[in-house]
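Visitor: Chain by chain, the residues:
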Amino acid sequence: MPYNIPIGPYHPALEEPYKITVACEGENVQDVNIEIGFNFRSIELLAQRRNYIQDITLVERVCGICSNVHTMTFCMAAESIAGIELPARAGYIRVIMSELERLHSHLLWSGVAAELIGFQTMFMEIFALRELVMDVLEAISGNRVNYAMNCVGGVNRDVKDPDSILSAVRKIRQEIERIIIPIFTTDRTVQARTAGVGVLTKEDAIAYGTLGPTARASGVALDLRCDLPYAAYGELETKSAVETAGDVRARVVVRALEMLESVRLIEKALQDLPPGPINTGNRFPVIPVGEATARAEAPRGEVIYYIASDGSDIPLRVKIRTPTFMNMPSVRAMSKGQQLADMPLIQASIDPCYSCTDR
Amino acid sequence: MATDLKSQLSDLPGATELIQQRDGWWMSAPNLDVIETARFMLGLEGRLSTITAAALPGDETEVIYHYYFDHQVLNFKVTTQKNTLPSIGSILPAADWIEREIQDLYKVRFTGHPHPERLILPAQLEPGLFREPGGKQKR
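Residue numbers (my numbering), protein chains in the order written: chain D, 1 to 359; chain R, 1001 to 1139.
Keep in mind the hints are simulated off the structure, nothing from the lab. Remember, it's a predicted structure, so these values are computed and weren't measured experimentally. Among these hints, one or two may not hold up.
To be verified - For lysine to aspartate or glutamate, the following EDC-like pairs were computed, each having C-alpha atoms within a straight-line distance of at most 16 angstroms:
1. 1136/R - 313/D
2. 19/D - 1062/R
3. 202/D - 1045/R
4. 1077/R - 1117/R
5. 268/D - 138/D
6. 171/D - 267/D
7. 160/D - 267/D
8. 1136/R - 1117/R
9. 160/D - 138/D
10. 1136/R - 310/D
11. 1082/R - 1070/R
12. 336/D - 31/D
Stated by the list, open to error - Just some of the chain D residues that point at chain R, by a computed CB distance under 10 angstroms:
13. 40
14. 160
15. 162
16. 163
17. 281
18. 285
19. 288
20. 291
21. 355
Note that CB positions come from ideal geometry on N, CA and C, so glycine has one too.
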């Protein structure tokens, strides 16, 4: 007889609230229904009550993992309306921060995935490695979570000692090559637990509008760093990782390869860091009447900001589209016909972030 | 943008001129047929990025459909009629949650939505919470 299993809104593994109701026939998943909104904060509405400077601080709190990409994309939208050109050095620093953020986010997810797979030693190794990335972020910005790096027209802080950062990043690369890549790409335990599980076809990935590593693991070669380069990505030439199997293993492999690419981009950006100013020098730029969208490739996929301005210091409208908002509905397509015991791993395989989704 | 694509987009029911801006292509077409546009974009393997709503004076809402196709961003700006628009959720599953969120926050009704339940707004709050104006009126 078919039955429903409600899971959530509070989960022991993922410390964010959402509810998923799994309809089963025996051990076989027939359908799932996902409910969100448990962490709704009205950030878009609050942003329409504050000025642009205050909004940068506000949107940094949309997500506790990818906080930098939110301030950067907000600033990019405002810069687009105002016609502000980013100084070259600021573009490189934005890339360094974005890729460090991707690294720590992917490592966080890898640790959670290792735990869900039942690979506890891997979890501990990964979280120890993630601390090295957090140390680099702290060395550059002074902060571990909300970095306060972006301003309209550039960045707030310079990378003052690129050589010491470069040496720390090289150590991180060695550890990724030693631990992450061999285990996530060839280990038999990981393969047995992830291959053929939670398949998302390319057609479904497009129809659901999935993004980031979730889309790239289903053969959708979508990466804004290559397709619509921003900051200094055009000069650094990103190589996007794409797999076609569409299963959990493909998502694991894509993220593992992306970590290597992030390290390469950080190293290249530090080596090529151009001299010059890090912002336009105008901390209170006037945003004229207009509207613009800005897109950036966050660790989980494309983030979009839309800003409409009436020429005052308070935006008329701020719209935030986060990647999990698009990726989570596709879990329905991934889950049908799967084993109930695989549901935690399938949900986690999109690297969900409900703080972002609920805003 | 390729000339034939531009011409095909201009032939959509209710379409107006496409204008290139710094962040992509924009079409301000209050009466654009959003269903035909969704079908056309799906046929191209275009992707619905999101939909933005913004309250207009009175009870209507400006709704912007943001698509992505072949390294290009396409934005179609339409206006609701009696704060209602046809749902594209049955054509593009990507629109399902987006339309439900707009229904919660701007009280826009999407006719034909496969399951128009609340998505994000807590039960104790009234729909239309985001219709409050921002900008200089907030100073």
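Visitor: Take a quick look at whether residue 1082/R and residue 1070/R sit within 16 angstroms of each other, Cα to Cα.
Guide: Distance ~34 angstroms between residue 1082/R and residue 1070/R Cα, so the pair is violated.
Visitor: Next pair to validate is residue 1077/R with residue 1117/R; report whether the Cα-Cα distance is within 16 angstroms.
Guide: violated, 25 angstroms
Visitor: Restraint: residue 291/D near chain R, CB-CB cut 10 angstroms. Satisfied or not?
Guide: holds, 9 angstroms
Visitor: Interface hint check: residue 281/D, Cβ to nearest Cβ on chain R, cutoff 10 angstroms. Holds or violated?
Guide: Check failed: Cβ of residue 281/D comes no nearer than 22 angstroms to chain R, outside 10 angstroms.
Visitor: Between residue 336/D and residue 31/D, does the CA-CA distance stay at or below 16 angstroms?
Guide: The given pair, whose Cα atoms are some 5 angstroms apart, holds under the 16 angstroms limit.
Visitor: Can the restraint linking residue 1136/R and residue 310/D be considered satisfied, given a maximum Cα separation of 16 angstroms?
Guide: Distance of about 7 angstroms is within 16 angstroms: holds.
Visitor: Check the hint pairing residue 160/D with residue 267/D against an upper bound of 16 angstroms on the C-alpha distance.
Guide: OK: residue 160/D and residue 267/D at ~15 angstroms, within 16 angstroms.
Visitor: Given the hinted pair residue 1136/R and residue 313/D, is their alpha-carbon gap at most 16 angstroms?
Guide: The given pair, whose Cα atoms are some 7 angstroms apart, holds under the 16 angstroms limit.
Visitor: Is the straight-line distance between the alpha-carbon of residue 160/D and that of residue 138/D 16 angstroms or less?
Guide: holds, 13 angstroms
Visitor: Minimum Cβ distance from residue 40/D to chain R below 10 angstroms?
Guide: Nearest chain R Cβ about 5 angstroms off; hint holds.
Visitor: Close enough to count: is the Cβ of residue 288/D nearer than 10 angstroms to one in chain R?
Guide: It is violated, given that the least Cβ distance between residue 288/D and chain R is near 13 angstroms, above 10 angstroms.
Visitor: Is residue 268/D within 16 angstroms of residue 138/D, Cα to Cα?
Guide: violated, 20 angstroms
Hint check: violations occur at hints 2, 4, 5, 8, 11, 14, 15, 16, 17, 18, 19 and 21; the rest are consistent with the structure.
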